[in-house]
Amino acid sequence: MTTNINRRHFIKISGITGAGLLLQIPLAAKTSKRLSEAATFAPNVYLQIGTDNSIIIFAKNPEIGQGVKTSLPMIIAEELEVDWNKIEVRHGGLNPQFGAQFAGGSTSIKTNFDTLRKAGAAAREMLVQAAAEKWGLDINNCYAELGFVYNKVNKNKLSYGELAEAAAQLTVPEKPALKDVKDFKIIGKPIKNVDIKAIVTGAPIFGLDAKPKGMLTATVLRAPVYGGTVKSFDATEAKKIAGVVDVVEIKPTENPTVLVAGIAVVAKNTWAAMKGRHALKVEWELGAGVSESSENIDKQFITNINKKGEIQLREDGNVDEAFANADKIIEATYEAPFLYHATMEPMNYIADVREDSIECWGPTQVPGSVAGLGARITGIPREKIIVHQCRIGGGFGRRLMADYAAEAIYISHSIKAPVQVVWTREDDLHNGFFRPAGMYKLKAGLDKNGNITAWHINASTTSRGAFSGSRDSSHVTEVFPDGFPAGFVLNFRMEYTPVASVVPRGAWRAPGHNATAFVDQTFLDELAVAAGKDPVKQRLELLGEEDKMMPYRDHGGPEYSTKRLKNVINLVAERSNWFKPAPKGIYRGFACHFMFGAYVAEVVEISLLSNGMPKIEKAYAVVDCGLVINKSNALNQLEGGIVDGLGAAMFGGVTIANGMTEQNNFDDYRMIRFKESPKIDAYLVESTENPEGLGEMTLPPISAALCNAIYAATGKRIYKLPLKDNEFFNQI
Amino acid sequence: MATYTLNINNQSLKVEAEADTPLLWVLRDELDMKGTKFGCGKALCGACTVHLNGNPVRSCSIPISALQNMKITTIEGLSSDGSHPLQLAWMEIDVPQCGYCQAGQIMSAAALLNSNKNPTEAEIEAAMSGNICRCGTYPRIKQAIEKAIELSK
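Residue numbers (the numbering used here), protein chains in the order written: chain A, 3 to 734; chain B, 77 to 229.
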């Protein structure tokens with residue numbers, strides 16, 4: 003970006019902050035000083051430096067617990083050359099100048115890294131130039147360090163604040179010089195969550211905590227069957243509840259990811275809204291969805307995986323001939339359930355729809371979609387819609403859908419008052435967008451040396467793309483034609499058939515991979531055992547001694563490195579002492595995976611309790627995601643992905659009967675608990691390669707590593723998740 | 077509607093509410109104390125944990141009418157400045173990911189340490205297994221509790 007010399011980079015801070023933001027924006031790092039009304043140097047949308055030496059850095063993307071509110075500003079601060087403890091981090095609202103603002107696909111760091119470095123470096127260069135001009139020196143005789151520009155000749159220094167006004171007069175450099183990676187002071191260090199103090203003291207920083215003046219609260223009664231509609235309703239009793247102020251019917255949109263049919267009860271407080279909802283009398287048109295069930299879906303899966311797939315995704319070599327010539331053939335059918343997101347902060351959203359503008363607060367992974375829906379529902383132009391970002395109590399893909407924000411906009415538009423829609427846990431579970439369920443039929447041929455000569459996967463899932471109306475092929479994010487071991491087995495076939503359903507589906511942490519890694523990596527383990535091979539050596543043997551770049555035409559591609567995959571495998575083997583006998587009573591399982599540009603290998607150690615049940619003792623993970631920005635949070639993500647993945651593998655699963663989810667709350671949708679969480683050894687490969695995805699990596703293969711350990715301990719193969727649905731596991 | 081006088085964080089506060097209103101919504105909606113979180117509404121997840129006379133309870137499932145003459149402590153009252161050993165340890169270990177469940181986690185841990193200065197691993201597990209963290213920060217929560225025990229010595 004180049005601009006003429008003018009005063010546009012010099013602004014009043016009061017003109018930038020959004021009016022009416024009632025959330026407490028927590029102060030960053032150690033500074034307790036709020037920004038004064040001092041004039042500010044703001045060469046781009048990412049940062050502001052005040053003449054009072056205040057420095058604010060803006061985080062552009064939604065913070066769902068993946069840590070970007072800390073790590074994105076770290077990248078800017080690094081190049082800006084400031085003391086991390088003397089800056090303030092704020093969340094930026096929705097603003098086209100930030101470019102794409104969303105949290106999905108583990109992309110926040112990798113897609114913003116270069117832009118943020120340049121944003122910080124441009125400001126630094128301008129400050130150095132301003133100092134050089136003041137001192138009448140060549141810029142090569144000046145350098146920036148920790149918020150000051152130094153004069154190399156006489157050691158004089160000027161603070162960034164002292165230089166702000168002069169820097170604001172300069173042209174923003176188009177190609178600022180970036181630091182050498184070896185000079186990084188902030189990137190790669192363990193930096194604490196910028197909101198940590200606000201979190202541990204209970205400050206109001208989440209969407210559910212926001213409360214604009216005059217805000218009402220709404221709860222919504224939705225159909226007891228997916229796709230159901232309102233035939234008639236009687237709100238007489240609901241309106242008698244003290245505190246209830248209005249009842250609004252929500253008309254559904256054709257696309258069920260936007261609005262479903264419902265009756266909203268608006269009240270002065272949450273409890274009144276809940277009681278009012280309970281008092282509603284609604285007659286529902288259940289619709290065709292009432293016949294949907296898990297049983298019905300499973301039947302379709304079974305039919306599909308036993309016939310030729312609708313979509314032929316890969317055909318290498320001569321698969322039929324290879325099976326005919328195989329020494330041994332092994333077959334297995336795997337099942338993966340619908341999974342619920344279970345964000346700890348239930349869905350909620352605030353909209354204040356006014357005559358010709360809208361102001362919004364709440365948790366969303368897609369603030370831009372909220373603005374789009376606001377425009378669509380109210381007719382108010384997008385540029386008149388302000389979307390504030392709040393800290394988000396978990397995303398995991400659920401908040402890529404903005405249905406609950408659409409409800410808030412719809413209701414506020416209808417009653418002409420600011421309103422917060424609050425979902426109960428039951429609402430949240432019933433109206434989730436679940437990880438698609440699927441069935442996967444695998445068949446492999448081995449030669450007499452135990453080498454895999456043929457591989458055939460026939461998969462059928464309730465494609466999420468097909469549900470949301472995506473233009474992509476229905477297999478996208480369900481199965482991965484270039485995923486390992488594709489390309490390493492000469493005769494390879496992959497086919498796929500989608501299943502349509504009224505059950506809502508969406509992205510769930512590590513979409514697709516969260517099922518395929520379980521399938522591929524447990525089947526490979528079974529083949530290793532059948533061939534009498536060590537599972538780790540089998541994977542290394544498949545990948546081959548020669549290092550190669552393999553084509554990968556999916557998110558995280560266009561290729562992956564066998565060298566980096568072998569490296570994480572070797573490292574996890576070393577860290578877990580894989581090649582030494584396991585301690586007495588300990589059984590181990592291994593799995594590895596490539597996704598979203600990153601490489602992961604994992605080992606799970608279990609023991610058996612006296613009743614024969616497995617106890618997870620320890621998990622090891624090695625991840626290569628290229629350059630790591632925040633070491634503390636990165637390790638936290640690795641640990642969390644393991645715990646989350648183990649929990650989902652053991653207990654996760656939504657079942658459907660009569661067109662609705664059977665589970666209601668955390669009593670019948672079991673989550674992993676503190677006492678079930680194992681010891682974890684998480685390790686990040688030191689790397690200066692481009693940063694890649696990180697937040698979802700350790701989840702997909704951990705279920706396979708666990709199931710492979712269970713086989714090692716018990717001789718029983720797990721083909722169906724969750725584990726609790728396997729007979730021998732149900733005593734837990 | 078009735079008027080109740082509650083003792084919250086050593087302050088006597090008057091609240092007008094329906095008798096069946098859960099403490100959680102009294103705190104959040106009537107008193108604007110947002111630190112106590114809504115998670116499940118059925119005492120299943122621990123996000124709304126507060127102390128009642130020093131004992132951990134799920135505020136989503138206790139009506140305001142049952143709270144007369146009880147001493148209520150919320151995350152906002154655990155310390156005036158974030159200096160409780162558990163808060164210090166939580167910051168030191170950099171525990172949270174999304175952070176939403178953490179106030180409840182800290183309140184459960186604080187109740188444990190109030191009654192037991194040196195809990196065993198099994199006692200920690202028992203005290204903390206009612207609090208769900210979907211982000212999976214349990215390993216760091218454990219480290220932080222151990223750190224707080226050390227800081228308290």
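Everything labelled a hint here was simulated from the structure, so no lab data went into it.
Each hint should be verified, as a subset may be incorrect.
[Claimed, not checked] Derived pair list, reagent style SDA-like, types lysine to any residue, alpha-carbon separation capped at 20 Å: (1) A:Lys-633 / A:Pro-192; (2) A:Lys-241 / B:Met-77; (3) A:Lys-199 / B:Met-77; (4) A:Lys-677 / B:Glu-152.
[Claimed, not checked] Residues from chain A that face chain B, not an exhaustive set, calculated with beta carbons under 7 Å: (5) Gly-190; (6) Ile-198; (7) Ala-344; (8) Thr-426; (9) Asn-453; (10) Lys-539; (11) Leu-542; (12) Gly-546; (13) Gly-642; (14) Lys-677.
Note that CB positions come from ideal geometry on N, CA and C, so glycine has one too.
The hints, checked one at a time:
{"no.": "1", "hint": "A:Lys-633 / A:Pro-192", "verdict": "4 Å, holds"}
{"no.": "2", "hint": "A:Lys-241 / B:Met-77", "verdict": "16 Å, holds"}
{"no.": "3", "hint": "A:Lys-199 / B:Met-77", "verdict": "37 Å, violated"}
{"no.": "4", "hint": "A:Lys-677 / B:Glu-152", "verdict": "27 Å, violated"}
{"no.": "5", "hint": "Gly-190", "verdict": "15 Å, violated"}
{"no.": "6", "hint": "Ile-198", "verdict": "5 Å, holds"}
{"no.": "7", "hint": "Ala-344", "verdict": "5 Å, holds"}
{"no.": "8", "hint": "Thr-426", "verdict": "6 Å, holds"}
{"no.": "9", "hint": "Asn-453", "verdict": "38 Å, violated"}
{"no.": "10", "hint": "Lys-539", "verdict": "30 Å, violated"}
{"no.": "11", "hint": "Leu-542", "verdict": "29 Å, violated"}
{"no.": "12", "hint": "Gly-546", "verdict": "35 Å, violated"}
{"no.": "13", "hint": "Gly-642", "verdict": "4 Å, holds"}
{"no.": "14", "hint": "Lys-677", "verdict": "4 Å, holds"}
Checked against the numbered hints above, the structure violates hints 3, 4, 5, 9, 10, 11, 12; every other hint is satisfied.
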